[in-house]
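Participant: Sequence lines, in order, name chains A and B. Each step along the first sequence adds one to the number in the working numbering, with nothing skipped, and position 99 is 104. Each step along the second sequence adds one to the number in the working numbering, with nothing skipped, and position 78 is 754.
These are calculated hints, taken from the structure and not from any lab test. Any given hint might turn out to be false.
To list a few chain A residues with every Cβ distance to chain B over 10 Å, as calculated [as the list claims (entries may be wrong)]:
no.: 1; residue: Asp110
no.: 2; residue: Gly304
no.: 3; residue: Leu390
In silico lysine-lysine, DSSO-like type, Cα no more than 30 Å apart, as pairs [claimed, not checked]:
no.: 4; chain 1: A; residue 1: Lys454; chain 2: A; residue 2: Lys31
no.: 5; chain 1: B; residue 1: Lys739; chain 2: A; residue 2: Lys317
no.: 6; chain 1: B; residue 1: Lys816; chain 2: B; residue 2: Lys835
no.: 7; chain 1: A; residue 1: Lys317; chain 2: B; residue 2: Lys835
no.: 8; chain 1: B; residue 1: Lys784; chain 2: A; residue 2: Lys317
no.: 9; chain 1: A; residue 1: Lys50; chain 2: A; residue 2: Lys454
no.: 10; chain 1: A; residue 1: Lys150; chain 2: A; residue 2: Lys436
no.: 11; chain 1: B; residue 1: Lys835; chain 2: A; residue 2: Lys50
Computed from the model, here is a short list of chain A residues facing chain B with C-beta under 8 Å [as the list claims (entries may be wrong)]:
no.: 12; residue: Leu425
no.: 13; residue: His426
no.: 14; residue: Pro447
Here a beta-carbon is modelled for each residue, glycine too, at the ideal position from N, C-alpha and C.
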Amino acid sequence: MAKDPRVTNIEDLPGPKSKGEMEEWKMPYEEYCKKIFDVGNEHAKPRPLQGIKWLSCTMYIFTPHSVANLAELGAECVKIEMPRMGDAMRHTSPFNECYLYPLHDTRPMTGTGLGFTNANPNKYFLTMDYHIPEMVEIFYGLVKKFDGLTELYRPGTLDKWKMSYRYLSEINPRFIYVWGGGFGYGPKIFGGSYDILGQAHAGLASITGMHEYMGGHATKQTNWVIDWQSSNLITASIMAAIHHRRKTNLGTMIEFSQVQVPTRMLGHTTTMYGKFGIVRQRWGNWDTQLAVHGIILCGKSDFPDAENPQDKFCARYVMVSAFQDADFKELCAITGMNELYEKYKAHKNRVEGEAQVEIYTALERWAADKTRSQVAKILQDAGLLAEPVRNDREVYESPHYRERGTVRWLDDPLFGDMLLHAGYSSGMMEKTPRRINWHWRPVGADNKKIYNEMLGIPLSKIQEWYDKAYI
Amino acid sequence: MCDIIWCKKEVGGKPCDTINYLDPYCFWNWEGKINCAECGTVYFIHMIQGFMYKGPEERPGEKPDTMPLYADKPYDGYSNYRPGVEGRTRPYECKPRAQLLGVADMVKFSIRGRPVRGWRPQPPSAGLAGSFGFHWDIQKLTPDVWEEYQKKIAAGEVKDW
Chain A
6 MAKDPRVTNI EDLPGPKSKG EMEEWKMPYE EYCKKIFDVG NEHAKPRPLQ GIKWLSCTMY
66 IFTPHSVANL AELGAECVKI EMPRMGDAMR HTSPFNECYL YPLHDTRPMT GTGLGFTNAN
126 PNKYFLTMDY HIPEMVEIFY GLVKKFDGLT ELYRPGTLDK WKMSYRYLSE INPRFIYVWG
186 GGFGYGPKIF GGSYDILGQA HAGLASITGM HEYMGGHATK QTNWVIDWQS SNLITASIMA
246 AIHHRRKTNL GTMIEFSQVQ VPTRMLGHTT TMYGKFGIVR QRWGNWDTQL AVHGIILCGK
306 SDFPDAENPQ DKFCARYVMV SAFQDADFKE LCAITGMNEL YEKYKAHKNR VEGEAQVEIY
366 TALERWAADK TRSQVAKILQ DAGLLAEPVR NDREVYESPH YRERGTVRWL DDPLFGDMLL
426 HAGYSSGMME KTPRRINWHW RPVGADNKKI YNEMLGIPLS KIQEWYDKAY I
Chain B
677 MCDIIWCKKE VGGKPCDTIN YLDPYCFWNW EGKINCAECG TVYFIHMIQG FMYKGPEERP
737 GEKPDTMPLY ADKPYDGYSN YRPGVEGRTR PYECKPRAQL LGVADMVKFS IRGRPVRGWR
797 PQPPSAGLAG SFGFHWDIQK LTPDVWEEYQ KKIAAGEVKD W
């Protein structure tokens, strides 16, 4: 220890004494990641969008999910729904008709369907028939206190009700206004949209699935990918608008046509047309730029005795990748396709359509007497990239997703034990992670909180509106 | 769009009058033999791009390659054969349940054995104008489910995953 207390010697300090020692002391990268991301402890960390308040006049998946992203990141989001009825999406459910009850105080026999999942977590739920003259001022009162609004009505509907950006920006110049819908202004301005319409209209469905002569059809994704993806892009626009507002103190309007988004997902398709006039075709489970790089069908199911058809019949697909010359050589050696290796040594030859048909057919013939796991193991043992195509159950049971907290259970404050994934599958953030507080709440569950606590409206007035079905 | 085979075969002195539906996914580009779900008469058809290019032609004594997905009898009060009737309509393996009844599946416990509010009727919240708190007091609201849950815990049926 130095005699003079004002002198600091590095030897006296805790921690490494040299650069070399510092390197030695560093924890392995994996442990470091586990420590900083601290899966399961998200709620102990700050919320990145704390302080942002957002209104949502939205329905179904597309626009609600754009607000859900904000809510997961900690913004205070209020969803305004039709009195006693709620978002139409609450009334949709998969085949098993799985609802969580109740929908509303007055409707104990009606529930919210699981179709509502992931697009509405962490929101507060308000009911208001805002288009009737009695409630317009109340709506304006909310606009004064909030940072922005997302709506999905046909273009001009809120303008007709004097609630569009033109009007609201006069009340609150910092207001950020998002219209999200089907086509936006242009020749199809009044066209409504659904995800499947977007996939069709923008040409995405035309290049999804196998070609017709291979038994395929133009195919939509089973899930509503355009809804989910469009809403992510809306959220990105909102973030940019918030940043812009910090610099200028002014709000803005975002106009977002859902059917534009699939064009963004088409990769080289449009540019190729522009260059050569070539209209891209479907190539399904294979790849137009790499070979071998696709999904093949094996002969035997991994779970032949399972009750669920998805296990029993469909646990037969494997993703295989061996497009590098050395990998393709190895693949051919394992599967006894040496003739094909000689024929298609060069990648530019085997990536051709006819060659792919021949190669994948031979691969599936080789896999005809094997299960999915056998095929994946043989290829992985040979150092090739291969993964079974998993179903939901297998994802749920996968240690990879459990360890990273992607799939986890939530004790929902109102609805009990629910399995969730979306909020925790959007990338990890060290200091300000996303989190899920609740999946959703019943229709009008937060009427008192918003009307009384935020706007200061007396409880008797709230009850009166409720009795008249204004809220 | 969906093409049909309207079977007019005389059976027991009167026409069979069954409509066999040829769903586009299986028959869009298809050539082969298909049976009538009601009387079993085998027809040959050839479809190109959803258009019935040839047939239906009767092929007595031959075996069908496949079956229609669904069939009904409009002159018999629309009595019908739903998908998956053995020997009559094509198996439909993706059925999510043994029978689709149009009635909600209700559950009180999740797959790991913990309570989930998936049944009705639920008692009202007794809040103001539709308001709800942030706590589901299962013990107070539904004591029977709470008791069942305690038994599950005692029996070791409540799991982490």
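Participant: Now look at each hint and say whether the structure bears it out.
Facilitator: Evaluation of the provided hints:
no.: 1; hint: Asp110; verdict: violated (5 Å)
no.: 2; hint: Gly304; verdict: holds (17 Å)
no.: 3; hint: Leu390; verdict: holds (28 Å)
no.: 4; hint: A/Lys454 - A/Lys31; verdict: violated (49 Å)
no.: 5; hint: B/Lys739 - A/Lys317; verdict: holds (28 Å)
no.: 6; hint: B/Lys816 - B/Lys835; verdict: holds (24 Å)
no.: 7; hint: A/Lys317 - B/Lys835; verdict: holds (26 Å)
no.: 8; hint: B/Lys784 - A/Lys317; verdict: holds (27 Å)
no.: 9; hint: A/Lys50 - A/Lys454; verdict: holds (25 Å)
no.: 10; hint: A/Lys150 - A/Lys436; verdict: holds (28 Å)
no.: 11; hint: B/Lys835 - A/Lys50; verdict: holds (28 Å)
no.: 12; hint: Leu425; verdict: violated (12 Å)
no.: 13; hint: His426; verdict: violated (14 Å)
no.: 14; hint: Pro447; verdict: holds (5 Å)
Hints 1, 4, 12 and 13, counting from the list given before, are not met by this structure.
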